[in-house]
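Asks: Chain by chain, the residues run as shown.
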Amino acid sequence: MNEDNKITDKKVIETEVTMGTVHSAAIEPYRVRLFVEDEIVRDAEITVGINHRGIERIMEGLPVEKANSLTEKICGICSNSHIWNSVLVAEKAIGIDVPERAQYIRVIMEELERLHSHMLYLAHGSEVLGHETFAMRVFYIRETVMELLRMIGGNRVQYGVSIIGGVRPRCELDEMRIQKIREGMDIIDEKISEFADRFVSDPMIMARITGVGVLSQKQAIALAATGPTLRSTGVELDLRREMEAYDPFEFDIITQDDGDVKSNLLCRVLEIPEATKIIRQALDHLPDGKITNRSWEMQDAPITKSYIEVPRGKLYHSYALEDGRVRNSIVRTPSITNIGAMQYAAVGHHITDAQLAIVQCDPCFTCTDRAIQIIKI
Amino acid sequence: MSLKSYSRARAIHVMLVYTGGCNGCDIEIVNCIFSPKYDAEQYKVFLTWNPREADVLVVTGPVTKHNEKPLIEIYNAIPEPKAVIAAGACALMGGVYKNIHGDIPSEEIAGPVDKIIPVDAKVPGCAVRPEDILSGVVAALPLLLNAK
Chain A
1 MNEDNKITDK KVIETEVTMG TVHSAAIEPY RVRLFVEDEI VRDAEITVGI
51 NHRGIERIME GLPVEKANSL TEKICGICSN SHIWNSVLVA EKAIGIDVPE
101 RAQYIRVIME ELERLHSHML YLAHGSEVLG HETFAMRVFY IRETVMELLR
151 MIGGNRVQYG VSIIGGVRPR CELDEMRIQK IREGMDIIDE KISEFADRFV
201 SDPMIMARIT GVGVLSQKQA IALAATGPTL RSTGVELDLR REMEAYDPFE
251 FDIITQDDGD VKSNLLCRVL EIPEATKIIR QALDHLPDGK ITNRSWEMQD
301 APITKSYIEV PRGKLYHSYA LEDGRVRNSI VRTPSITNIG AMQYAAVGHH
351 ITDAQLAIVQ CDPCFTCTDR AIQIIKI
Chain B
1 MSLKSYSRAR AIHVMLVYTG GCNGCDIEIV NCIFSPKYDA EQYKVFLTWN
51 PREADVLVVT GPVTKHNEKP LIEIYNAIPE PKAVIAAGAC ALMGGVYKNI
101 HGDIPSEEIA GPVDKIIPVD AKVPGCAVRP EDILSGVVAA LPLLLNAK
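Sequence order for the protein chains is A and B. Numbering (my numbering) for the first sequence: 1 to 377. Numbering (my numbering) for the second sequence: 1 to 148.
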């Protein structure tokens, strides 16, 4: 659908609709320029960089433990993913063995975070669709996960579970906590399947989201879209298959075919039962033993890289170690390429669907504003 | 009680402005109003995105340089009487983004919020808890209701 609507010369198009930087339709500040012809979007341009706080610069020269906890403040939605990946870099660089029990707890936290992130996406998507009741329903289900996160980490948003060599002592899972997580998973499975049934069987919503914001598989690969945005175009790629921590678990990679808003939504809805499946497996086979390996010594290391799969896609962290301090820190979040891809997904659709098409990739602008420049393809 | 404050007592409209924090506070605030567990709408507190409809402005984040001007514009667009609530550690004192520099001026951060616009209530926390937001809004209410 999109390939017929090639991006035309901007000078020819007279009408330009600009949104931002602060706009009622977008919670986070960013700027969208839509070039419109006969109410059809011919070109879209998204500007990021309003939230730039220079966190990589702040991390430079900090002790590695402090820098790790600072990465959590990059994003309040996927905070655990950031701290986990940052800790993995240090563990890889120094060569620290992580106890198996700590790996399991980290996986449980990551999957809980995936649950709450995907539910937030569903709520936000419903709100953009104009369906506030659905948004409230999803927020209600999400509250179960938030309570579990608060129970394990002690805070609802920034919980700082991973430390170098394992997890914090506070995050030990005892019998009572395991029981509560199990109960929570049962509630989520039941409620989400109920929600999905209602959502899919609503003809108004399906008419609104089917065939809107189509990103073809070719485009998604060319623009390096990651995560569910890529998987919703039919590419079976999930870094969790290659991560050491996920080796013991069985799960399916969810793919959809169309690459439109419907595929994106369904891809995330179907990933929720997979996440609960992983959590159940981890609780069933939780190994005994220590949760922290304290017998390691700090040493200098060259620039070390680490990739992990987070709710939105592929997350990259790298830094070098010098006297226990962080040097040359680079963070690359999945949203940057996904937002770039959305410039193309909005093209060729009605202007009222533009916001929906941009939101479909679950954009997180606070993650995105790093010192990275994307050169136009 | 004037007609204005009589009607305002029946519908407080809150506008949320995000100025460059980590998203954690914003979602907790939206959560606090939308989520059926906290459900601020039962106390007749509603979320709006239009400054001309708003009574209370909730600001999160350390106010990056790019966000300074829009924030002042939004503040000026809200009709009197109005109340401003700074929510979260970043809005109160710049959080990790500002304080990490010590006395060296930050190149990216213009905040905290009370440097730019007058603040009536401050809600601490990283991230703020939904319960605290509710008590922050309640603390700012006399400003609105007692205004002539």
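Be a bit skeptical, because a hint or two may be false.
[Unchecked claim] Below, a list of computed lysine-lysine pairs in the DSS-like style, where the Cα atoms sit at most 27 Å apart:
(1) A/K314 <-> A/K66
(2) A/K305 <-> A/K66
(3) B/K4 <-> A/K191
(4) A/K180 <-> B/K37
(5) A/K66 <-> B/K65
(6) B/K4 <-> B/K44
(7) A/K277 <-> B/K4
Hint data in this document are derived by calculation from the structure and do not stem from the laboratory.
Asks: Each hint should be assessed against the structure and marked as holding or not.
Replies: Consistency of the hints with the structure:
For the given pair, A/K314 sits about 24 Å from A/K66 by alpha-carbon distance, which is consistent with the 27 Å threshold. A hinted pair counts as satisfied when its Cα atoms are at most 27 Å apart, and A/K305 with A/K66 qualifies at roughly 19 Å. For the suggested pair B/K4 and A/K191, the alpha carbons sit about 43 Å apart, so the restraint of at most 27 Å is broken. The hinted pair formed by A/K180 and B/K37 meets the criterion: a straight-line CA distance of about 18 Å does not exceed 27 Å.
Annotation: proposed proximity of A/K66 to B/K65 holds, straight-line Cα distance about 25 Å (limit 27 Å). This hinted pair checks out: B/K4 and B/K44 have alpha carbons roughly 16 Å apart, not beyond 27 Å. With a C-alpha separation of about 54 Å, the suggested pairing of A/K277 with B/K4 is violated against the 27 Å cut-off.
This entry does not satisfy hints 3, 7, going by the numbered hints stated previously.
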